[in-house]
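Peer 1: Chains as they are written, first to last, in this note's numbering: chain A, 1 to 233; chain B, 1 to 233.
By construction, these hints were calculated from the structure, which means they are not laboratory data. Because the structure is a prediction, the values reported are computed rather than measured. Certain hints may be false.
It does not matter which identical chain is used: a pair holds within one copy or between any two.
[Claimed, not checked] DSSO-like cross-link-like pairs, simulated, lysine-lysine; straight-line CA separation at most 27 Å:
#, residue 1, residue 2
1, K30, K92
2, K92, K52
3, K30, K112
4, K132, K30
5, K112, K63
6, K132, K52
7, K52, K26
8, K26, K132
9, K63, K52
10, K63, K30
Number of protein chains: 2
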Amino acid sequence: MESTEDPENRLLLQPWTSVCFDESTKLMIKVWFGDAGYALLLSDLSSMWYEKVDTEVIQQRSKELNKRLTAHVSSFLSRLRSLICPLLEGEKSSSTIFSCQLSSSTLTLRVKSELSGLPFYWDFRCSAAPVKMVFHHLVQPLMAMSLVLQSQVQELASLLLRKDAEIEDYRESGATLSRGKEGGCCLHSAPLWDTSFLPSFLPSFLPHGWHRACSLWPLAILTWISHTAAPDY
Amino acid sequence: MESTEDPENRLLLQPWTSVCFDESTKLMIKVWFGDAGYALLLSDLSSMWYEKVDTEVIQQRSKELNKRLTAHVSSFLSRLRSLICPLLEGEKSSSTIFSCQLSSSTLTLRVKSELSGLPFYWDFRCSAAPVKMVFHHLVQPLMAMSLVLQSQVQELASLLLRKDAEIEDYRESGATLSRGKEGGCCLHSAPLWDTSFLPSFLPSFLPHGWHRACSLWPLAILTWISHTAAPDY
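Just chain A, same shape as in the assembly (with noise of 0.2 Å):
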């Protein structure tokens, strides 16, 4: 059933994660491997590349790069899944080397390393991803994502309104904060509305240009996605 199923649906099922090749080339990066293929998905936040391999392509492309090695596609894919998942997980090895090259149109990640005691070499060939890709894999989970952040700033927001009304019951009560107990004078907080927190807030490590980008998206049209439909998976 799984190799019958299309690898861009199993991606989409698989969490993004960034890698760092090298010093100027930090890429976010998904994969799915499958019992006949694997499918990888990166981006630099620019332009994103893809790739998708049946066993045809990895039995070519085997041959292509490893002369020596005589070895069935599942032994390939297994050892191509050991060399991926650490790299994801930012664990580095001394016997393999990643490198990347990496165009508009072409991305090849270059992975040389070991099988069965012999030289392994093998070449991720991804080419420039349609654009509707990244409305699958970016655009719609980020709106997803957005939409919960806000509801979750709503409802926090609520609780902490709540929380002053119960405050200012104890205050005006008569209550007063302990100033025996440790730290117990620093405990007077401001209500909420008195803070300069809402509506607005940008934290200081965003990078200047992102400031702009992020005011000229109104919250408001997230919630259009509720009444759109959901993505086909």
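Chain B: place on chain A using the hints.
Peer 2: Coordinates of chain B only, in the frame set by chain A:
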């Protein structure tokens, strides 16, 4: 100075809004009008379409579509702006009809209205936007906003913990909530960590597929962009 600046950069400074052309055609849209041209961007969350025109294109198209009308380019631009702005604000005009024809590679937004008492026709003829524009106009701003919202959630959660500590101190000092006051008995609130609010929360209005999309987007990766070059605007 305005005319020498790239319309795409000017478009980056415009906010997105959503427009409903008919029951089955709801699109996100952003527009920029200058003295010598305009730029238009539309998306249905699967594709993106773009048109950038200068004075020459406006002159040609106005001759093609409005044979009886002779007017300066600035008059056409002014009229188009006065027709598009109410559309973006959700206002309907009985004297203006918009219709939208779209495929994955082209989108034509037809306008039928009047200018100086004569019929006035216009076609916004958009073609598929390149992947880079999807990143600049959607992915990067959405990532920036998700980062801001994530910071807001953390800041609000931290504020709630301080309120909980303050409330706990009042309670330990023997303070009780007023019961005589209207609604006073409802003021008691559970501490933040007693609720099942955090760490995960999925609003019920989110369509089914989005839950999956959202859970596949680790929040941690967002912090990555704080170390990434800011977009060039």
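Peer 1: If a hint holds in the structure, say so; if it does not, say that too.
Peer 2: We went through each hint and held it up to the structure:
For the identical chains of this complex, K30 and K92 are intra-copy neighbours only, at 18 Å inside a copy versus 44 Å across copies, given an alpha-carbon limit of 27 Å. In this assembly of identical chains, the alpha carbons of K92 and K52 lie at most 27 Å apart only when taken from the same copy (25 Å versus 47 Å across copies). With identical chains, the CA atoms of K30 and K112 are at most 27 Å apart within one copy only, with a shortest distance of 20 Å there and 47 Å across copies. When the C-alpha separation of K132 and K30 is checked against a cutoff of 27 Å, the pair qualifies both within a copy, at 16 Å, and between copies, at 19 Å.
In this homomeric assembly, K112 and K63 come within 27 Å of each other (Cα to Cα) only inside a single copy, at 15 Å, whereas the closest approach across copies is 62 Å. For the homomeric pair K132 and K52, the shortest alpha-carbon distances inside one copy (15 Å) and between copies (22 Å) are both at most 27 Å. Proximity of K52 and K26 under a CA criterion of 27 Å is satisfied intra-copy only: 21 Å inside one chain copy versus 32 Å between copies. Taking the closest pair of Cα atoms, K26 and K132 come within 27 Å of each other both inside a single copy (23 Å) and across two copies (17 Å).
In this assembly of identical chains, K63 and K52 lie within 27 Å of each other by CA distance solely inside one copy; the values are 18 Å within and 48 Å between copies. Proximity of K63 and K30 under a CA criterion of 27 Å is satisfied intra-copy only: 26 Å inside one chain copy versus 50 Å between copies.
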